[in-house]
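> Residues per chain, in single letters:
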Amino acid sequence: MRDLLRRWLAALLIGCALIAGFIPSAIAADLGAVEAVSFNQLPPFEQDGSWPSVGELARDIGYDTARSWLAGEYPADVLKIGDILDGLHPEDFRLSELAVLDNLSIADIKLIADLPLASFLQSVPFSGDWLLEQMPGVADALTQAIGLATQPTETLNQILLDYVELGDMRMGDILGAVPLTAIPNIDIAKISDFAGFKEQTLSSIPGLGNIPLGKFPIPLTSLSFTAQQDIAFGAKEYSASKPTPKPVSGSIEAGFQVPCVGGCPHIELTGTGWQGDQWMTKGHRVPDGRGILGAIPGMGEAGAYRLPFGETFALQIRSTDEKTGAAEWGLAFRVCSSGFFVDLGCTAYALEVPLGITTYEKDTILTGLKDGMGGRSQPVRAPPEWEALRPATPPEVRSVTSRHRSGQGRGGFGLCGEGPGGINFQALSEAYGYIEGGYSSVGSYVNLGGRERGYGLGKYQYMSYRADVRQIIQAKPGGAAFLQRADSGAAISSADVERFLTPADQDALFKRDQTRNIEQAISEGFTGSRIIERIGQIHYGGTAAPIDGDWADTHGRLTLKTYGEELAENYQKVSSASASKCKAATPVKPLETKVTGTLSAQEYGSSRPHRGCEGFCHAGQDIDIDEGEEFQAYLGGTVTRRECHDGGYYCFIDIYNEELDVVLRIAEAEEIFVEEGQTVEPGQVVSRGHAPTGVIHIEIRTDVNDAGQGGYGVAGTVDPIDFLEEVGVIRREGIRLVEAHSPDDGHGH
Amino acid sequence: MKISRRISQFLIGIAAFVMVSQLAFRNHLPAIAQQNAAPACLSTQPHATSGGSEKLVSQYEGDSTDYWLYYTYGALDTEQQYAMELVLTTTANSCDVAYWNAAGHSFSYSSVVPMDVAKQFSLAGFQQHLDSVGQQAFAAYYASADPSLFFEEDLWALRQLGISLE
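Keeping their order, the protein sequence lines are chains A and B.
The numbering used here applies: residue 12 is where the first sequence begins, and numbers increase by one.
The numbering used here applies: residue 27 is where the second sequence begins, and numbers increase by one.
So here's chain A without its partners, still in its complex pose (with noise of 0.2 Å):
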């Protein structure tokens, strides 16, 4: 393993040296300069060279990278795509925007002519499913290069059923001197789409090395996370009062600039702009970790590090040798969690484990941009079996976490509440309601081919070509029929938008959507209302859409830039409104009579390991009361369930609350009041003593039925003291519970 590390290590950095060696020196001063070089531009090779094999990882990463290569050979002829896959993105691109592809005949794009038929009609959407008559020269082909007798009528997928062996044919073989605009789609087909393509050279797919750095999906914006290792210093160095003078190494929370005193072991970098940088070992303690977690005994404090690949985990010195000018390198990992109400913080990076690699004065080593963030405002992505390193939370960790986390039925509140990077719901919706329309709105109809065709729905404009919306169409009465419509071109109308994709599913949608859009916006990268921005541009353009594309739909009103920020613009005029209307929009008031009941010990989420539960069980809240003391709802709305059993919940009751779709159950009193299908108002009384548990159990539940009754077990609900919080019902000081606005404090109602 270690060895497949230090080899995943070489390649990395040999990458990046490959990269920023061959650039002339000229445009490496300028890094502007370096957004414009193209693959194609960097010069030969001077030394012949090779590279190792990943012996069996490459099943796991899709590619070998072992090859050698001669002096004067280019990179193009010999980086192939995967190398380049984690910083670039190159697999996003589709043909069509690489090259034109009028005057290509198959033969002439090895990542396709490599293929088999079979596995390449699977790459290209639909394209064994159109008749040979409308694919010129394939019959042809088909007859020249093996002998085969076709009919006009037949299609591809036809000729295979047949013909079995056919399938296993390379497509240079059998139809390498087709055109390839004959075959349908092909212009919609992404790099990514073809099996094998990581395999494939830069200079195999046509157009790609001349696409400049800056133009990739996820450009490279600048070239300087390499230095050269120099010295390595031991622990008398800094032994005195004197601190080191020029550190670049640190913590999020020290900074990446923070001197070491009293024996100091650290690398002394080199190489532009690191002339003389200290970047000290693991022993250097400095402070690190936030909130919560972060004040955990022992996980305050970090052995330094710097973030070359965001902050997933840090990359750590853990010993120099003076002698031999060795560095062992490791890594380190941190816990955090923010949940759905409460942000619990990050630990340090205190989970330190070695990495098993060693470097050299002279060597190349990763140090991230030097951008006073440990390098992480520009991150590189590490090879995946780095992640595998991460060793177990400690259990004073998980305690914590667990007992503040949600569960796993999160959401379901409307749209109340902040994704990623603290975005709010509410506001984004809004911001998208401008630009896009009202829950109702019908897009004009779309036809890219194949089985991209069809309108864009509802308030965010999901096309009905989309899987996730068809899914939730199709689980409707009439949804098939409708979706054979929208694919048609047929009229639809705004009616059948309500009907079929409802507010409440485009919200669902949305904030799945979204969520995942901000997330890659934020591993590329963006931050404040770049964000905003590059999400829009996601929702407008897909996953691969260019940063700052000048890309334009069918009406050409907005590029992928300026949907972006005209986003970004609607998002801070409604976010503070959206925020209080968020709020004011709650049927849910502050319970003005008197809130009953203590927090018992048993909180929500409590931990039963041995009892098959991983740390997680208690599905609700207990509370404290007297024997024959009464218990209120706390949210009103619809009794749909009421059952008495003799154990578990015993007597409970659903009380299901239509604005929020969720289900407040009641559960282990010893009488209620209420039936079902009678309407409870907030505050009401509905239930009278405890089971022999001696408590009443509390929970929030968003896995609702269509009874509007709840699910069972603890996936499908929140913690119900931080929801009712949140919507502002109770309060909680210390183990009690109190009214939202207590009467004495001046809020009277």
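Treat the hints with caution; some may be incorrect.
Stated by the list, open to error - Which stretches of chain B does chain A cover? Using the computed rule of at least three CB atoms under 8 Å from a CB of chain A, they are:
#1 67-79
#2 94-103
#3 123-131
Claimed, not checked - Cβ-Cβ distance ranges computed for the label pairs, FRET-style:
#4 A:Glu-687 / B:Ser-90: 36 to 44 Å
#5 B:Ser-76 / A:Gln-695: 25 to 33 Å
#6 B:Gln-161 / A:Glu-530: 33 to 41 Å
#7 B:Ala-165 / A:Asp-140: 56 to 64 Å
#8 A:Gly-284 / B:Ser-190: 55 to 63 Å
#9 B:Met-141 / A:Gly-309: 35 to 43 Å
#10 B:Ser-69 / A:Asn-168: 41 to 49 Å
#11 A:Thr-513 / B:Asp-89: 51 to 59 Å
#12 A:Asp-479 / B:Ser-69: 28 to 36 Å
#13 B:Met-141 / A:Glu-641: 34 to 42 Å
#14 A:Lys-487 / B:Ala-165: 49 to 57 Å
#15 A:Asp-717 / B:Leu-191: 43 to 51 Å
#16 B:Cys-121 / A:Asp-717: 27 to 35 Å
#17 B:Ser-69 / A:Glu-640: 32 to 40 Å
To be verified - If you want the ones that stay clear, here's a sample from chain A, every Cβ over 12 Å from chain B, calculated:
#18 Asn-51
#19 Phe-537
#20 Gly-647
Calculated directly from the structure, the hints in this document are not laboratory data.
The C-beta atom is built at its ideal place from N, Cα and C for all residues, glycine as well.
Chain A is fixed; fit chain B onto it per the hints.
Relative to the frame of chain A, chain B by itself:
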């Protein structure tokens, strides 16, 4: 002829030993029941009728009553992470729920079944946990556990697995 008689006697002896052993240990081994059909009332329990699933953890065959421990899971819990214990008792003519821990409380098996049964149930649960995380992690997890949080049957079961909390 003599030899074949001796072989027959030897085989009969082996068979008798196996039968006696099974009788002797019948009530003392936690068993994952493979051969017995599931209790008739299992499919009518709320977790099942609402689309959830279950996993048999242990079965104890008593003289007239059989005891069954299932881990049940809600419909959304497709990865079976959050078990709700279901204890069933069956006789020739009945199938009853002794306890369904839908709320996810910490509860004692011995509060609903005889202590011998409770011990076997607890042992089976711990054994599953050990199998899933491995001996080292299992031992580390319970090394500093507070014994006051465990019921008598749990402490007994842990001792069988080499962990003493007292």
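> If you check each hint against the structure, which ones fail?
No numbers; nothing is violated.
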